[in-house]
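Q: So you can see what is in the structure, the chains are spelled out below.
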Amino acid sequence: MRNKIRNFLNNGDLGRFRFWLQLSLFILFVYGGYAAINMGDSLPTFSCTYVDGKPGTCFLVPLQHRMVTTPEKLFSYAGMAILTGLFYFTLWFLVFNKAWCGYACPLGAIQDWITALRKKLGMQYVTYSWEQFKVLKKIKYILLLLLIFIPMGIGSGIFSYDMGVPFCMICPARTILPIFSGDFSQLTIDFSSKTKMIMTSLGMLITGIFLVGAFVKKRFFCFFCPMSALHYLLSKPALLKLKKDGSKCTKCGDCYSVCDMQIKEIADDVESRNILQDDCIMCFKCVAACPEEGALEVDFMGQPVFEATVQGYIKRMEKANKNG
Amino acid sequence: MINMPIYRAVLSVLFGVLLASNLPASQTYWLSDIAPTREQAEKMRSSHGGMVIRGQQGHSKKLWLRKGDSIADSTYVEQSDLPLVLVSPEASQAELAFSNEGYADITFKMQHEGYYNLFMIDKRVEDGVLQETVLKNESLSHSCRAGHDHVKELVPPLYFEGVSFDIIRERLPRESFHLRLGSGDIITYKVMLNGKPVSGAAVTMSTQKGWAKTLKTDSDGRASFEMIRDYYPPWHEFNKRNMETFLIIAEYESDESGVYQGESYDRVHYKATSAGNYYPSARDYKSYTYGLLIGLFGLTVSIFFIYFHRKRAAKLYREKRFA
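So the protein sequences, as listed, match chains D and Y.
In terms of the working numbering, the first sequence opens at residue 702 and continues consecutively.
In terms of the working numbering, the second sequence opens at residue 33 and continues consecutively.
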C-alpha cells in the first residue's frame, strides 16, 4: 500500500498538480476574505493587504508598519508586537518552507501564467549570465534591509511618514493583485506630497517593467523579492526539505535546465545533502526532471513525499513529447 | 462651583451660558475633539478616527463640550456637571464627569480596539415640553500594532439601549479602521427612537466653513449627505491630512404626554448631536492618467531594452581583419 502511494506520487504529473494548486491558492489569497476566511496578518506569502477580499495579510506589511517607531519603543513593548508577528510568520513558514513561493504566492502564480502565455506565443525567454545572476541575487537582501531600516528612520524622524510601507509602494503585488477584485485604485500616482509622488511613480514604473520582465524571464520578480530573502534566513529548520544524493547525480544538467530561477548548484553541488538555495522557490521541477533514481527528493519531516525515479521521469517525458 | 474663580461665577450669573448644568433647548451643544487652545492642540496627535493623546498603554481621547448653532460661531463651555456615559467596544459602561479645569472636558483611555461611544443625556421640562437632548461622540481606537485580522467584526456601529434618541452613522461599504471620510463620500445617518428608526426627523449637517443642509429622514430613518468639497489650496500647500469638522444635529418632536420629575408635559422634543471629521477626497490628489502613463513608459522602455539586447546578442561575431 505504502509503495503504491509512493509510486503514485513519484509518477505523478507535477506540472498539472502545481497548476491546479496554484490556481486554488490564488483564489484563496485573492477572494478568501469574501468567504469570511481569516488567516491573520503574518502570512509568508503575498496575500496583499491592498486586496479587498484578502483572507490574511502578507507579513511584510505589519513588519514595516511596526518598525515605524522610536528605538526606545522598539526595544520595549513595540518590540514584543514585532516578535509576536515573527513568531506566527515562522510557524506558518516552517511547515511549507519556500514552497510558499512555488505553490502559494499569487504574484508567483501570475508570473507562471505570463510564462505560459509566452510559451503559447512561441517566444524565447532570456536568462542571466552568471555575473548578472551573482549581482541580481543580492538585491532582495538589500530590499529586506531597506524595508526594515526605512520604517525605523520614519520612527526616528529621518524620513517622512509618507514613506509609510516603502516596499509595498514598489511591490507589483500592490498594483496588480487588487485588479483581480475590480479595484484599479492602486494604478494611480499620489500627488499629495513629493515623497508619495516619487514612491507611487516608482511603483507604477516597476509594474510596467514587471509585466515585460515576467514575459521574457521566468519568475522575474522572485530574484528581487525580500520575502524570499526572509524565507531563506529561516529555512534551515523547516519541515519540508529538498535533498540531494550527490553519489547518484551524473551532472546531466536536466535539473538546471528546468529551473526557473537558474540555480546552478542544483546540478553542480554533489556534496550538500540539503540543496535548498536562497533563490529556490521549491517548485520541485528539478525533482520531476531528474532521471536518476533517488538523486533528488522532497522530504516532509524526514519522510520522502516525492523523489526522482526512472519510471516517473520516463512517464513525464513521454507525456511532454506527446504534448509537443 | 466651590473651586470656581470669582470672575467665572460672576460671568455665569450674568450670562448663564458658560456654565452648563443643563442644556437649554434653544442652544446646540456637542462634544468635539478639537482643542480650544494652541497649547492643548499641541498635545494632541492625529490618529485613526481623529485626534488623540498618545500613550504607551494605548491612546486617550479628550473631548470638549462646545456650544453654538454652527461650528464657526461656537464657544467652548467652561463648566458642566452633567454626567456622561462611556460605552466601550466591548459594550461595558462607565459613568464619567467633566474635569472642569478651565473647560468642560473629558479624557478617557481607549484600551480596547474599536469604537468608544460617549453619551451625555439631558432631560427636563421647559414650557410644557419635555426636552430630551443627547450629545454623542463616536471615537475610534486603533493601533496597527494590534494587527488587522480582528477589525472587520469591530467596524459596525454599536447600539446602546440606554439612549432613547440616537443618531448612528452607517458604515461605508469600504469602511475599515483606516478609512478617512472625504469630500464626495455619501455619509448616511440613521435616527433611532427607542430602538426603532424614525421617519420625518430633521437632520442638519453643517461644516466648519459654514455650509449647512437639512434633510428629513426617510421611512428607514435614514438621511444621506454628500460631503462637500471646500478645500482649495495651491498645489504646493495641499495637505491630504487637512482635517475639517462637521456637525450633525437631529431633531424630532412627538405628541407624547406625561410627567417628568413632577412637571407635566404634552410634547417631547428630541435633539441629538454628533460631530465628525472629513478630509480631502483622494480624487483630488490621485491621478490614473499619470499612473498609467508611467506604467506604460516602464513597459515600453523594457520592451526596447529587451529588443536591442536580443538584437545585439544575435549579431554574428565580426572577424577582425589585419591588413
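No wet-lab data here; the hints were simulated from the structure.
No experiment lies behind these values; they were computed from the predicted model shown.
It is possible that some hints are incorrect.
What the hints assert, rightly or not - Simulated coverage check for chain Y against chain D, where a stretch passes if three residues somewhere in it have a Cβ under 8 angstroms from a Cβ of chain D:
# : region
1 : 63-77
2 : 211-224
3 : 244-257
As the list claims (entries may be wrong) - No more than 25 angstroms apart at the CA atoms, straight line, and that leaves these computed lysine-lysine pairs for DSS-like:
#  : chain 1 : residue 1 : chain 2 : residue 2
4  : D       : K774      : Y       : K94
5  : D       : K919      : D       : K949
6  : Y       : K245      : D       : K895
7  : Y       : K272      : Y       : K99
8  : D       : K705      : D       : K949
9  : D       : K835      : Y       : K343
10 : D       : K774      : Y       : K248
11 : D       : K919      : Y       : K343
12 : D       : K705      : D       : K835
13 : Y       : K184      : Y       : K99
14 : D       : K820      : D       : K919
15 : D       : K821      : Y       : K343
16 : Y       : K245      : D       : K820
17 : Y       : K94       : D       : K895
18 : Y       : K155      : Y       : K248
19 : D       : K897      : Y       : K318
20 : D       : K839      : D       : K949
21 : D       : K835      : D       : K1020
22 : D       : K774      : Y       : K241
23 : D       : K838      : D       : K1020
24 : D       : K1020     : D       : K705
25 : D       : K897      : Y       : K272
In this text, a Cβ means the ideal position worked out from N, Cα and C, and glycines have one as well.
Q: Are the hints correct? Go through all of them and say.
A: Hints and how they fare:
1. With 0 residues bearing a CB less than 8 angstroms from a CB of chain D, the region 63-77 of chain Y misses the requirement of three and the coverage assertion fails.
2. For the region 211-224 of chain Y, the stated coverage by chain D is not satisfied: 0 residues place a CB nearer than 8 angstroms to a CB of that chain, which falls below the threshold of 3.
3. Look at the region 244-257 of chain Y against chain D: 0 of its residues bring a Cβ nearer than 8 angstroms to a Cβ of that chain, fewer than three, so the hint is violated.
4. With a C-alpha separation of about 24 angstroms, the suggested pair D:K774 and Y:K94 falls inside the 25 angstroms cut-off, and the hint holds.
5. In summary, the hint linking D:K919 to D:K949 is not supported, as the alpha carbons are separated by about 28 angstroms, beyond the 25 angstroms threshold.
6. This hinted pair does not check out: Y:K245 and D:K895 have alpha carbons roughly 36 angstroms apart, beyond 25 angstroms.
7. Among the hinted pairs, Y:K272 with Y:K99 is inconsistent with the structure: their alpha-carbon atoms are about 28 angstroms apart, more than 25 angstroms.
8. A threshold of 25 angstroms between alpha carbons decides the hint, and for D:K705 with D:K949 the separation of about 23 angstroms falls inside it, so the pair holds.
9. A distance of roughly 24 angstroms separates the Cα atoms of D:K835 and Y:K343; the hinted pair therefore holds under the 25 angstroms criterion.
10. Between D:K774 and Y:K248 the CA atoms are separated by roughly 50 angstroms; this puts the pair beyond 25 angstroms, and the hint is violated.
11. Using a Cα cut-off of 25 angstroms, the hinted pair D:K919 and Y:K343 holds, with the two alpha carbons roughly 20 angstroms apart.
12. A threshold of 25 angstroms between alpha carbons decides the hint, and for D:K705 with D:K835 the separation of about 43 angstroms lies outside it, so the pair is violated.
13. With a C-alpha separation of about 35 angstroms, the suggested pairing of Y:K184 with Y:K99 is violated against the 25 angstroms cut-off.
14. Among the hinted pairs, D:K820 with D:K919 is consistent with the structure: their alpha-carbon atoms are about 11 angstroms apart, no more than 25 angstroms.
15. Of the pairs offered as hints, the one joining D:K821 and Y:K343 holds, with about 22 angstroms between alpha carbons and a cut-off of 25 angstroms not exceeded.
16. A C-alpha spacing of about 61 angstroms is found between Y:K245 and D:K820, which places the hinted pair above 25 angstroms, so the restraint is violated.
17. Between Y:K94 and D:K895, the direct Cα distance comes to roughly 33 angstroms. Violation of the 25 angstroms bound is thereby established for this hinted pair.
18. As the CA atoms of Y:K155 and Y:K248 are separated by approximately 24 angstroms, the hinted pair is consistent with the 25 angstroms bound.
19. At roughly 10 angstroms between alpha-carbon atoms, D:K897 and Y:K318 fall within 25 angstroms of each other, so this suggested pair holds.
20. Note on D:K839 and D:K949: the hinted pairing is violated, with a Cα-Cα distance of about 31 angstroms set against a maximum of 25 angstroms.
21. Distance restraint check for D:K835 and D:K1020: the Cα-Cα separation of roughly 35 angstroms exceeds the 25 angstroms cut-off, and the hinted pair is therefore not satisfied.
22. For the hint pairing D:K774 with Y:K241, the CA-to-CA distance comes to about 39 angstroms; that exceeds 25 angstroms, so the pair is violated.
23. At most 25 angstroms may separate the alpha-carbon atoms for a hinted pair to count; D:K838 and D:K1020 exceed this at roughly 34 angstroms.
24. A C-alpha spacing of about 21 angstroms is found between D:K1020 and D:K705, which places the hinted pair at or below 25 angstroms, so the restraint holds.
25. Between D:K897 and Y:K272 the CA atoms are separated by roughly 11 angstroms; this keeps the pair inside 25 angstroms, and the hint holds.
The earlier numbered hints that this structure contradicts are 1, 2, 3, 5, 6, 7, 10, 12, 13, 16, 17, 20, 21, 22, 23.
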